[in-house]
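Protein chains: 2
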Amino acid sequence: MRTEIASLGEFGLIDHLTKNNDTLQAGTILSIGDDAAVIDQFGRQSVISTDMLVEGIHFDLMYTPLKHLGYKAVAVNLSDICAMMATPTHITLSIALSNKISVEALEEFYEGVYAACEKYGVDLIGGDTTSTKSGFIISVTAIGEVAPDKYVTRSGARPTDLICVSGNLGAAYLGLQLLEREKKIFLENPGIQPDLQQQAYVIGRILKPEPRADITEWLQENEIVPTSMIDVSDGLSSELLHICGNSNVGCTIYEDKIPVHDETKSVADMFGVSVVTCALSGGEDYELLFTIRQEDYEKVVRNNSISVIGYVTGKDEGAVLQTKGGNKHALTAQGWNAFA
Amino acid sequence: MRTEIASLGEFGLIDHLTKNNDTLQAGTILSIGDDAAVIDQFGRQSVISTDMLVEGIHFDLMYTPLKHLGYKAVAVNLSDICAMMATPTHITLSIALSNKISVEALEEFYEGVYAACEKYGVDLIGGDTTSTKSGFIISVTAIGEVAPDKYVTRSGARPTDLICVSGNLGAAYLGLQLLEREKKIFLENPGIQPDLQQQAYVIGRILKPEPRADITEWLQENEIVPTSMIDVSDGLSSELLHICGNSNVGCTIYEDKIPVHDETKSVADMFGVSVVTCALSGGEDYELLFTIRQEDYEKVVRNNSISVIGYVTGKDEGAVLQTKGGNKHALTAQGWNAFA
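As given, the protein sequences belong to chains A and B, one line each in that order. Read in order, the letters of the first sequence are residues 5 to 344 in the working numbering. Read in order, the letters of the second sequence are residues 5 to 344 in the working numbering.
Source of the hints: derived by calculation from the structure; they are not laboratory data. Predicted, not measured: the structure shown is a model, and the values here were computed from it. Just to be clear, a hint being listed does not mean it is correct.
Heads up, the list lumps identical chains together, so a pair's fine if it works in one copy or across two of them.
[Stated by the list, open to error] Below, simulated DSS-like cross-link-like pairs (lysine-lysine); rule was C-alpha separation at most 25 Å, straight line: (1) Lys187 with Lys212; (2) Lys188 with Lys303; (3) Lys332 with Lys261; (4) Lys154 with Lys261; (5) Lys303 with Lys137; (6) Lys154 with Lys71; (7) Lys123 with Lys23; (8) Lys104 with Lys137; (9) Lys71 with Lys23; (10) Lys104 with Lys269.
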């Protein structure tokens, strides 16, 4: 018998392979299934997350400057640590590359890695460098620290909690569409130079995402303890469904509350797509999606980088988007099936 | 200007890319350059190591059962943790794979991963699963713990220290040569079934290496604190040169003291190669190479799994192999240049 991996999808595959994963170490507080794992040894808690980026799947070297790629490889892992309300401290970096890549190109990649490490006060402490027959593969493991039991999972959302998201959504997806379009134009007419000045924001969002360590710090400073948290890597819908599934709740979000940048709206209009769809299903925004208790509402609205987009309901009510016109739609997980 | 990666080699490349790696975290005790990194937070010390295995470079799916591959991917990382005299506790596992691999094949791979985790009491706490256009890539990060400042690096060897190695060497390299030969025969004559019964030991050594956690435990129980330690992944010569370089010392080892299994000797004879060369340059044995103070000699010889193969000298004397005939040869690092 042969079952194709594509038939399970990424999340299904992970569930399938890890369903019998026993815990042997007393120090394992939180294992597979959240943004990061939490381990406790001698009372201290470490938060650990890992991500792999594959050329041709997660990035295209034709339009991804290597310095940005290095920066992004670190940033997306730090984002997972932030999504646990933890502070990133260390990373390891393993790369496999073909002889297509020169030492100079690799130096650029590392410049980006070091730039991200410096910006977020993180140390690169180890790694592995090896070869592939083709393609460039990057694997980063990020380690962070959190005060005992102060980490925030995906499973603590309770009905009446408010749903918040940092920054704005949908830009990274549209930035990627622009880069893909320019690549196609370039391949057909190599003489044409792309002019992407007008779309610098959305392109920056796909090429150089930033983990929202500023948001977790602000929440800590203001003594707001989110009841659940996740980073937006696969799109708002998919992440909301993760929180609802893990917390055993439903949710209602309002279309007109979803934060979108003006440039994102313009580019969506240019492509003739709904900017809300981009926000719901686009992914790669690396914003933080979290829930808070109602009593923290007054505090949260003081931060202009945080939008309250809806509230948590009972499980039976499902995950719902309420449109501007007052219609209700069930949220569906487009997610991101790398094997499709 | 374009510099080819092959011109630097693996170690040169890592040195080149990490020479400007600053440490920002006060908790970073030991960074890139040893078997693993050591980080200290609130008095506890964690040991962290990471390795990447690439299809076609590190393994050939034609003769590597997936269960063994999963086991080995974990084992080689635990070996790095053991080589710090630390106890492995957790791993993360990221894989990228093409649709060539079925869910059933992946289940076998995970069976091996879980078998290694169970044997060594380690928890799999996180990972990433994604796709590649071709090839199977595995990235494991291992985490261990060690009592404060009890980790052992490559840099503490002092003249007059004794050089010890666990188990025996050279078998894994010859096991690989056998598998490569059988593959060639099979490709030329698909009807011929290989009979490797007589070489089960050397083949087991390449397909299913074991980290020597038993040796580090025994050393701890017997209160022997090695002055330096490394695991033998690239061959005895290369590892000895790492210890000499990092410790700023020389060494003399005796050809007739290098431990070799009887079957390894037979297979070397069959291939018409020197078994000592296989031990010196073969690699993938995952034994522990370490130095002890002379006063621990009486204790160490009680363990049949440990051989004393030479002693540490001053830097000026270089790294030397003394043959059975009394000749002296400088040890050279064949190492393993994945980019050559």
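Checked hints:
For a Cα distance limit of 25 Å, the shortest separation of Lys187 from Lys212 inside one copy, 18 Å, qualifies, whereas the shortest one across copies, 45 Å, does not. In this homomeric assembly, Lys188 and Lys303 never come within 25 Å of each other (Cα to Cα): the closest approach is 47 Å inside a single copy and 70 Å across copies. Taking CA atoms no more than 25 Å apart as the test, Lys332 paired with Lys261 passes inside one copy only; the shortest distance there is 14 Å, against 78 Å between copies. Taking the shortest alpha-carbon separations for Lys154 and Lys261, neither the intra-copy value of 29 Å nor the inter-copy value of 55 Å comes in at or below 25 Å.
Taking CA atoms no more than 25 Å apart as the test, Lys303 paired with Lys137 passes in neither setting, with 53 Å inside one copy and 48 Å between copies. Taking the shortest alpha-carbon separations for Lys154 and Lys71, neither the intra-copy value of 34 Å nor the inter-copy value of 38 Å comes in at or below 25 Å. For a Cα distance limit of 25 Å, the shortest separation of Lys123 from Lys23 across copies, 19 Å, qualifies, whereas the shortest one inside one copy, 37 Å, does not. Taking the shortest Cα distances, Lys104 and Lys137 sit within 25 Å of each other both inside one copy (10 Å) and across copies (17 Å).
Proximity of Lys71 and Lys23 under a CA criterion of 25 Å is satisfied inter-copy only: 17 Å between copies versus 38 Å inside one chain copy. Proximity of Lys104 and Lys269 under a CA criterion of 25 Å is satisfied in neither setting, with 38 Å inside one chain copy and 40 Å between copies.
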